[in-house]
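One line per chain: the protein sequences are E and B, in this order. Take the first sequence: its position 125, counting from 1, is numbered 817 in this note's numbering, and each next residue is one higher. Take the second sequence: its position 294, counting from 1, is numbered 982 in this note's numbering, and each next residue is one higher.
To be clear, the hints were calculated from the coordinates, so they are not data collected in a lab. It is possible that some hints are incorrect.
[As the list claims (entries may be wrong)] Only pairs whose alpha carbons sit at most 27 Å apart, straight line, appear in this in silico DSSO-like list of lysine-lysine: (1) B:K862 / B:K785; (2) E:K707 / B:K889; (3) E:K810 / B:K862.
Predicted, not measured: the structure shown is a model, and the values here were computed from it.
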Amino acid sequence: MATRVYECLKAIGDKIIANKDFLTDLDREIGDADHGVNMARGFQAVIEKVPEDEADIGAALKKTGMTLLSTVGGASGPLYGTAYMEVAKIFAGKDTVNAEDFKLALEAAIAGIQKRGKAEKGEKTMLDALMPAHDAFSEQLASGADLVTALDAACVAANEGVEFTKTIAATKGRASYLGERSIGHQDPGATSATMTLEVIRDFLKG
Amino acid sequence: MKKLINGVDNIVDEMLEGMVAAYPQYIRRLDGFDVVVRAGGSKGKVALVSGGGSGHEPAHGGYVGKGMLDGAIAGAVFTSPTPDQVYEAIKAADGGKGVLLVIKNYTGDVMNFEMAADMARDEGIEVEQVITADDVAVENSTWTTGRRGIAGTIFVHKIAGACAEAGGSLADVKRVAEKVIDNVRSMGMAVDACTVPAAGKPSFDLADDEIEIGIGIHGEPGVNREKIGTVNEISDKLLDKIFAEGIYNSGDEVAVMVNGMGGTPLMELFVANKHIKEVLDGKGIKVAKTLVGNYMTSLDMEGFSITLLKVDDELKKLLNAPADTPAFVQV
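Assemble the whole structure, with the sequences as input and the hints as a guide.
Shown next as structure tokens:
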């Protein structure tokens, strides 16, 4: 019988795989047309390699990070791989998720991505979804909201972040070569990061 | 999409098997990895390792052999290889004198190769790296990822490879590699886009009379879209941007590469080279060596790039040194 963490990872994978063409098309506009293909390949491997009965959330996420690192390639591989491995540290030895840990997890993911990608907010990257999501989440938490309510706010902020990426020029990654021509297109990485948050929210709700 | 493939999932694997079957005297594949190394190993010399996404054939596996690379990693099409693959290549290529990684300047490539270098250093292997960034189509500023590494990378393979073959130390090999990088510039254009097999459609759409100036080698759109002109006019445009660097002046000596993107007839590349030579002659720039052909391709893209490398006596000697690899033989 599959554990909760495995089911959640599988739900993320299913969502990414179902949106393979959509993410790839976004990347074709401003990048090199492989984001969906690469992420789908990575999560197919995650679904196969993470043990279904792994109850330790940290262990399952670490395996997820390592698997993404060795199967995705490109920039997304090291970025998502690092993010999952950093988040794994927060949940090491735990089999449940609480709001405080989730906030720390968002912080760890952002710090890992920043360290690996040397990016800041406003450069048209996944950080433009994740950083506002973290801020909204923390704000909700500070005013006493529960995990799911805070996650709802985080998802709204992440979606706004994706919309924001349409208005700015990329200064990191392959889209930066387009300069001003990247304006008008939403960032594929911010999009897949937002999808991930939404799946986690729906999973925790359901 | 019409492609000579069996399926999109096994292209890289089948390509590597086919390469090794064609050139067993040069290369062998590491079991379980998308890595080729010299068939006879690289004992006692500095090893050069390069790689990147697939779709640039003969780069990089075609340059593994005497006088050039010691190992090459093939990622998925247009996708940087993963750190574990690069790490295996470093370990297998290392002949005990250290390893130089030749990385093309792309966000993903740099991240994956650096992670692999860290892993290899943890194992006690001496690893250095150089990053090629020869594409003048992209402005180099703090606001972008920096210039892309494109066809000029082949000159790094050739020259640093010759230095390593001659017994150069890791520091020597890195120094000449950086000297090449400092003196090499490229710019490319496309008449038509390429089609990534897994994507199934062209990476960008051009009208019958349109060209894209300043394309990279991954089907990414260029910096400018315009009406097509003659090959002389197009070559002038590319050369002007390269000359604007101020590196190539009257009295200098250069090596020239007219590189096909995969779908360009050699006939057209030679026509371009006729004009390029005339322009260089007119500027009083001496051509020390010319390479015309498909050296760093972009799948089936129609188009070409021009690369100039300013050479001094040291670089010229290394450039003219013998090399024996599947894709580059020089006696």
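Cross-check of the supplied hints:
In summary, the hint linking K862 (chain B) to K785 (chain B) is supported, as the alpha carbons are separated by about 13 Å, within the 27 Å threshold. For the given pair, K707 (chain E) sits about 23 Å from K889 (chain B) by alpha-carbon distance, which is consistent with the 27 Å threshold. Our distance criterion of 27 Å between C-alpha atoms is met by K810 (chain E) and K862 (chain B), whose separation comes to about 25 Å.
When held up to the earlier numbered hints, the structure conflicts with none and fits them all.
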